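Novice: Chains as they are written, first to last, in the UniProt record's numbering: chain A, 1 to 146; chain B, 1 to 146; chain C, 1 to 146; chain D, 1 to 146; chain E, 1 to 146; chain F, 1 to 146; chain G, 1 to 146; chain H, 1 to 146; chain I, 1 to 146; chain J, 1 to 146.
Please keep in mind that the hints were generated in silico from the structure rather than gathered at the bench. It is possible that some hints are incorrect.
Claimed, not checked - Straight-line C-alpha distance at most 25 Å; calculated SDA-like pairs for lysine to any residue:
(1) D/K123 / B/R47
(2) D/K106 / C/M19
(3) C/K139 / B/P71
Unchecked claim - Listing some non-contacts, in silico: residues in chain A with all C-beta distances to chain J over 12 Å:
(4) R15
(5) T17
(6) G18
(7) S76
(8) V124
(9) Y126
(10) E127
Note that the structure is a prediction, hence the values are computed from the model and not measured. Backbone N, C-alpha and C fix where the C-beta goes; we use that ideal spot for every residue, glycine too.
One-letter residues, chain by chain:
10 protein chains.
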Amino acid sequence: MNKLDVTEMIMERKRATGMTWAEISHAIGLSDVFTTSACLGMNSLPRDKADLLVTTLGLPQEAAVVLAEYPTKVFSQAVPTDPLIYRFYEIIGVYGQTLKELIQEKGGDGIMSAIDFDMSVEKVPYEKGDRIEIRMSGKFLPYNRW
Amino acid sequence: MNKLDVTEMIMERKRATGMTWAEISHAIGLSDVFTTSACLGMNSLPRDKADLLVTTLGLPQEAAVVLAEYPTKVFSQAVPTDPLIYRFYEIIGVYGQTLKELIQEKGGDGIMSAIDFDMSVEKVPYEKGDRIEIRMSGKFLPYNRW
Amino acid sequence: MNKLDVTEMIMERKRATGMTWAEISHAIGLSDVFTTSACLGMNSLPRDKADLLVTTLGLPQEAAVVLAEYPTKVFSQAVPTDPLIYRFYEIIGVYGQTLKELIQEKGGDGIMSAIDFDMSVEKVPYEKGDRIEIRMSGKFLPYNRW
Amino acid sequence: MNKLDVTEMIMERKRATGMTWAEISHAIGLSDVFTTSACLGMNSLPRDKADLLVTTLGLPQEAAVVLAEYPTKVFSQAVPTDPLIYRFYEIIGVYGQTLKELIQEKGGDGIMSAIDFDMSVEKVPYEKGDRIEIRMSGKFLPYNRW
Amino acid sequence: MNKLDVTEMIMERKRATGMTWAEISHAIGLSDVFTTSACLGMNSLPRDKADLLVTTLGLPQEAAVVLAEYPTKVFSQAVPTDPLIYRFYEIIGVYGQTLKELIQEKGGDGIMSAIDFDMSVEKVPYEKGDRIEIRMSGKFLPYNRW
Amino acid sequence: MNKLDVTEMIMERKRATGMTWAEISHAIGLSDVFTTSACLGMNSLPRDKADLLVTTLGLPQEAAVVLAEYPTKVFSQAVPTDPLIYRFYEIIGVYGQTLKELIQEKGGDGIMSAIDFDMSVEKVPYEKGDRIEIRMSGKFLPYNRW
Amino acid sequence: MNKLDVTEMIMERKRATGMTWAEISHAIGLSDVFTTSACLGMNSLPRDKADLLVTTLGLPQEAAVVLAEYPTKVFSQAVPTDPLIYRFYEIIGVYGQTLKELIQEKGGDGIMSAIDFDMSVEKVPYEKGDRIEIRMSGKFLPYNRW
Amino acid sequence: MNKLDVTEMIMERKRATGMTWAEISHAIGLSDVFTTSACLGMNSLPRDKADLLVTTLGLPQEAAVVLAEYPTKVFSQAVPTDPLIYRFYEIIGVYGQTLKELIQEKGGDGIMSAIDFDMSVEKVPYEKGDRIEIRMSGKFLPYNRW
Amino acid sequence: MNKLDVTEMIMERKRATGMTWAEISHAIGLSDVFTTSACLGMNSLPRDKADLLVTTLGLPQEAAVVLAEYPTKVFSQAVPTDPLIYRFYEIIGVYGQTLKELIQEKGGDGIMSAIDFDMSVEKVPYEKGDRIEIRMSGKFLPYNRW
Amino acid sequence: MNKLDVTEMIMERKRATGMTWAEISHAIGLSDVFTTSACLGMNSLPRDKADLLVTTLGLPQEAAVVLAEYPTKVFSQAVPTDPLIYRFYEIIGVYGQTLKELIQEKGGDGIMSAIDFDMSVEKVPYEKGDRIEIRMSGKFLPYNRW
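Whole structure, please, built from the sequences with the hints as guidance.
Specialist: Following this line, the structure appears as structure tokens:
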């Protein structure tokens, strides 16, 4: 049993039970973004959360061991083709240098961590049409000089 | 004179005057993200804002015409190498499918627009170290079925 | 059962029954382009249409659930090799910058949506030989400035 | 003097005179799509049309020779990055196999020519927002069997 | 049963019977080049020829249906590695621009069709060693101007 | 002065004198295909032919030295984009394996040389429309076994 | 049964019997380089040698048919990653242009054949450490001019 | 002045004086392969040899400094296109795994060094046509286990 | 049974027994880096160490044969995507030219061997947070000049 | 004046003065690795160190401003070709997964920072030949779970 097997089991249980990611993540007491990423095999769960997930969705016990393992993160498409994901890729392409200018203006020579990092996603109603709002937060890491 | 020439002029004037992106954008009444992206040749300014920018930085008048033109957005690195920009690319690679699951759970089959879109960048102090906070907001566009 | 399984079932039933895409799409009351794309796993059907399709072609009931799921659109060939599809790729390569000039001359800085979008395909007889006529229609989206 | 030089001259004259592609193409009696593509170096003009263009925009006479030469069509980005152009690339990726199914259902084993081909672009007002409408027409070419 | 299955069956029957491509194509009354390409899944046979092929090689009847279907032509190696095939790729690389100059000198702005196309291959004895002679013939298609 | 410089000089003299490739190659007593390829920098001319070419077109004497040098053949586009050249690339993609089957059926395990090689291009009138006819001839080289 | 199956069988038999490539090739009376390449599916054996190999290693009789078939040579890694193989790739990268200069200085405009070709590999003891010695020999092929 | 400038100077002097690589390398007392590679910027000369080369060809004194510098070896074509160089690339593709089998059979787990390495190139007359003979010799390096 | 099979067996046994790489490598008397790389199929073990490993983990005896075979090292991602591995790739990208300058300043024209090579990895506690310390050691190999 | 200009100036002054990287870095009181990387445009110097460098090497004062700017780190070769740099790339390819296993065994799910990072390079004499020793140290960053 590996991460891919567990993801398939989760998707089947999710379809069968009709549970949403919101409900699943609420049940284990973690955010929806992190929970979903772990279910998709892109993050590891602490063992107690993995046990909770297994109970919540009725997965075999071995799945908890696998969910707690540290994944090798492989994204096979260097340029994603799904329109929803591509739009984010495009935003990085168009605004990447802008982000660099502004983050380094605010913090000096350094980067935003993608490891000490969290993110949220909301849908917010507006008169002119609903909007998706993404919030990312990562620790500022200054370059070491030695 | 093209977008690239104007960007170089802006960078030289910025260095010479010591103005920050925050000050430049404040002077023309637009956000720092949008203003920076336009100065880097990735967006077009409304003509009146372009005139203001030209006055603010002491650029030649022709630069305003160029700043108001619609750019062809070219990002030559399919996979960016600068560490600051790469981290965002990595976030899309790691969390892209998660974003798809959650946005479509909240809104149905559709995407977040990268055109009817805005973004902000802040540095926020925390006890355990400063954090960079990114906020993105894009209109939710449902897929048409016909 | 996933999108790929359902596409294979549809192609088998289509061959066995001799139904055309025109007939299939007529039976469920949607256009032939959209119906075909959904059968090929590139779009999702509303649940009632998915049920109709299942009845029309004699597919198992679970297929309707799958047809209504939101697909991750993956096109594995960055440059398509099939001659029919390549010709469209070539048209975008040759006329892409022309489309940009003309759409932005007519509408300002913005794009044509590929999401709020529809398309039709017809074969039209002419004296000098039949022609294929494609009509695409997408909402004009102006770039946001903030 | 080559195609690239002539395109740059045309863009400069277009900016200086304020003429639109609609006006330029009207002046030489060809469609806006074809005229623009020839001005961008992606098609050749008949010599008399090239002479007309030179007169219309006040270009040097040698430019007419160059405009009438047969271009080598090079598109350097296998996957275009400008959002407007990318959307068309995406449409081919998402609907390419659909186009193949429907064109071959209507005409048998064959393709739509990209050479004996014409195209138009319009902006059409709608209540829910303006739409861009593209019409492509290409000769149907059946595969030879010998 | 798909094109790939049928190709494998044909190769097995060909090995078992010892028939050559020359004999197979003679038996169904088509050229060896076209027949071979259809057997390899790169072209479709008219149904009556497909029936003849099935009889000739003793294939199951369903194979005739598959042979008559219109293939999606996929060539997975952008640059072929087999030495025999690479030499042709190299010829196009070395002489491609030469072909363009000469075809357009003879016919004006246009191309040679790869659809309304036929080809033959012969081995011809010469004193200094046998030679392979390839003859390609494709309809000249002038670019449309509109 | 290098191959590229000489090609540019030849193209300028060709445009100025109105000579065709047919006339140029006739003047130096070589085929149009080989002459054109040498003028485009893809082959070397024997020194006496180079001298003749220099006289024919009124090039500087040093050009003859350069034309006689052995070129490094570089084709920068792994997949050509010009439609005329792409069609030949497509033919190799579609018929490459077919060529392999037939050449090896006729000659055993071996290849057609692209070095001991010649080619001709003709435009031939037909009732249904002119055709381009390509003839390639290369020495058959059997694989050595040792 | 295909080339890949036969290679796997050979590797298993080789491991089981403890025979070396030197012994296997000696048994069939061909060089170790050619024999190994044929066993790895990159060359075809004459039928009598294939029969000898089958007897030597105790393979099923059908394997001789497969070993005598002409392989399609596919090398899936454009840039090899195994260090031993990469070093040769690197040598070609570093010394390729040097080889071109020297071979063409010695023989005129032409190439070394990779088809009428043989190679040997030896390990030779030296005081400062053993060396690997590769000897390649290929027919010089002058470019045809016509 | 950099390596590229010096290579161009050498090629010009070589053309002007008519000296061959054989003569140049003889004059400085190094092999033709190594001397040529250093002149092409792919290796560094000991300073005394660089001085000799400068004297031999009549180059400016600064060239000796540059010739003695350690080059960064860049080969821009991952897959070379020149036919002479490609044939060697093809040989590595076809025989790479064979070389691995045989070198490791003779020496154990290890590689042939491309650094402690030398090579020679000869043209050898044969009745059936001249042959090019390449000899490579590299130190055998066993993998360290620790 | 091949290297991949053995790696999977090892990972399963490792999970089942709870042994760490530190314990496994200690048991066979080799470093943790080398032992892990051999278990992952990237290096070969001496036969006696392979036997020890088989005993330690309770693997089938045949696994020892496989562990002692010389692997073909294939890394399928030219640019790794896992964040931990990517950071090392990034370090080579950012500091590669620096390493070249300093190694060659210290040793002359040459390289650090990746074959006569060893490496260690430690986690070291620091007040400001634990650090990972990597130590690499490779033999300096001077370029041969001949 | 940009980073590239300054690097070229530094290399010229370095060659003219004969100073080593060791001497230059000693003069400004930073390590040789960091100093070299900043001189090559891959890191930024604190302004006081930049002033010291300018004085040390006799550069124009403006160079100090440029040296203190934050570079966009671009490495154009995804796979480096210089043998010295490639060997490090190869080490990451061969040992990347091993590094992942061991770092995460020691520290849990996390990475080694390439930003809060330092490195040293030494040449160390050994009986069997000098060795290059690299030491890297980076902060361990655990993945955030939220």
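Novice: With reference to the structure, classify each hint as holding or not holding.
Specialist: Each hint, compared with the structure:
| no. | hint | result |
| --- | --- | --- |
| 1 | D/K123 / B/R47 | 23 Å, holds |
| 2 | D/K106 / C/M19 | 13 Å, holds |
| 3 | C/K139 / B/P71 | 20 Å, holds |
| 4 | R15 | 26 Å, holds |
| 5 | T17 | 24 Å, holds |
| 6 | G18 | 26 Å, holds |
| 7 | S76 | 16 Å, holds |
| 8 | V124 | 20 Å, holds |
| 9 | Y126 | 27 Å, holds |
| 10 | E127 | 32 Å, holds |
Violated hints for the displayed structure: none, as all numbered hints are satisfied.
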